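Sequences and hints are given; from them, build the entire structure.
Just so you know, we're using the working numbering here: the sequence shown kicks off at 16 and counts up by one.
Source of the hints: derived by calculation from the structure; they are not laboratory data. As the structure is a computational prediction, the values presented were derived from the model and not from experiment. Idealized CB from N, CA, C, for every residue including glycine. One should not assume that every hint holds.
Said to hold, decoys possible - Here are the computed distance ranges between Cβ atoms for each label pair:
1. G380 to A268: 55 to 61 Å
2. A340 to F315: 23 to 29 Å
3. S188 to T72: 47 to 53 Å
4. L278 to L300: 32 to 38 Å
5. T122 to S150: 18 to 24 Å
6. L304 to N75: 28 to 34 Å
7. R167 to D271: 34 to 40 Å
8. G211 to S188: 21 to 27 Å
9. H64 to L197: 24 to 30 Å
10. N75 to A268: 39 to 45 Å
11. S210 to R167: 15 to 21 Å
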Amino acid sequence: MREKRRGPGYLPLLSLRVLLRRPGASLLLAAVAALGVYAGCGLQSLVLHQERAIRDTVENTVIHCTVTDVRGMNADQLNLFSSYVEALLGRRAHRDPSLADLDQAVTNIKAQAEWELAQPRDTVLCRLLSQASDSRLANAKITFEPGWDESRLMDANPDLVCLLPEGMEAGESLDIRTAAPLDHSLSLRVVGRVSGGPDNVIYCPFFMGWGDGLSHAFTIQTCTFDIRDTARLEACKAKLFSTPYFVEPSVYAAPDGTAVGVLVHDEVYLKSLEELRSNLDMLRLLQPLLLVLMGGISFFAGFLTNRRRKREFAVMRCLGLRRRAIFGQVLGEQLALGLAGGLAGLCAALVTGLEVCSGGLAFSGAVIGMFLLGAAVCAGIAASGSVMQLMKTEE
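Structure representation (structure tokens):
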């Protein structure tokens, strides 16, 4: 008997016929497909969320570092030579190859040094690298003379200039003399005023020259900086600690007068990053498990649905239909219901606000593929029995 050729509208009509004839079983299969697609979209959405969280954590987290003694006990009164800060800024690389590109590993360097002045009396000269180096200037307002700004104070060889408190009287320049034992005297040009800050502190550039216009080493009290590239945190730390000047602090370390400690405050960052990556690994592990689970559930759902149709398949075999035709019909029914359920699951994902991107669609297709694989195995079993065995099947 020659089978009648089916037109392109066969599958939708067949799906409707199956739904009307066995509404409970058909809805079960469609619900399985819908649930699988919805779960797949949900998993993929969580994966994207975790990947975005990891990327944001890496890009937006700032790793602060504090310079201390080698034991990590003192960070406020370092008495550290300013040449160490020059090393961080990359200004000594031509003298020490180990410092090459160190300025590419760190950023936002803050450092300051304070000296008591004999002239003007009861005044402190604070040499700082930037306004952020002194917490007393957090709420202060600095007004610069025309042609001057903070960036000019941070040059490698700045001019002999200063910023005065708003109430301090001075002309275009100010003569200062440091107290013993430094005993330096020089004239500073006034390039700005500080309002809202301390009224007995004169600020000047960190690398101010004395007399011969060169930067001389002097002791500083505090120094902090940040890791420039958080994505390369370990590489930056390795570069920092590969120099002969900076080491990881240890309570057992013995001061040698050369090395200083650096506390890298990355504990919270590393813990957060580890948790996010662990969650991402778990979600990626659940994706193949979902595919396997989907194939098993679709097989058992199809098996339970077609178990009571063996007599129907026997009659179809007696009428001359081949096993291939029965297999195709059962698989076609599963395909129609799977596509309908998958579309419903996709719509539900969109309605509930899940992210449905190309990756989510691809994974949803894989879910439907596993559904059809399980359905194909079930259809193969349904069409493989002999006519006599199928006819003996009890209702």
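Discussion item. For the hint 34 to 40 Å, verify it against the beta carbon of R167 and that of D271.
Written reply: Hint holds: Cβ distance 38 Å, inside 34 to 40 Å.
Item to complete: Could you say whether the range 23 to 29 Å given as a hint is met by the Cβ separation of A340 and F315?
Response: Taking Cβ atoms as reference, A340 and F315 lie about 24 Å apart, which means the hint holds.
Worksheet item: Is 18 to 24 Å a correct range for the gap between the Cβ atoms of T122 and S150?
Response: Distance hint for T122, S150 holds at roughly 19 Å.
Worksheet entry | Pairwise beta carbon distance, L304 to N75, judged against the given window 28 to 34 Å | holds, 32 Å
Discussion item. Quick check: does the Cβ-Cβ distance between S188 and T72 fall within 47 to 53 Å?
Written reply: Holds, since S188 and T72 (Cβ atoms, about 50 Å apart) stay within the stated range.
Worksheet item: Taking 32 to 38 Å as the hint, is the beta-carbon distance of L278 and L300 inside that range?
Response: holds, 36 Å
Worksheet entry | 55 to 61 Å as the expected CB spacing between A268 and G380, which holds or is violated | Roughly 59 Å apart at Cβ, these two residues keep to the hinted range, so it holds.
Worksheet item: When you take the CB atoms of S210 and R167, is the distance between them in 15 to 21 Å?
Response: holds, 20 Å
Item to complete: Hint says 24 to 30 Å; check whether the CB-CB distance for H64 and L197 agrees.
Response: Given about 58 Å between the Cβ atoms, the range is violated.
Worksheet item: Are N75 and A268 spaced within 39 to 45 Å by their CB atoms?
Response: violated, 33 Å
Fill in: Satisfaction of the hinted span 21 to 27 Å by the C-beta atoms belonging to G211 and S188
holds, 24 Å
Violation of the numbered hints given earlier is confined to hints 9 and 10; the remaining hints are satisfied by the structure.
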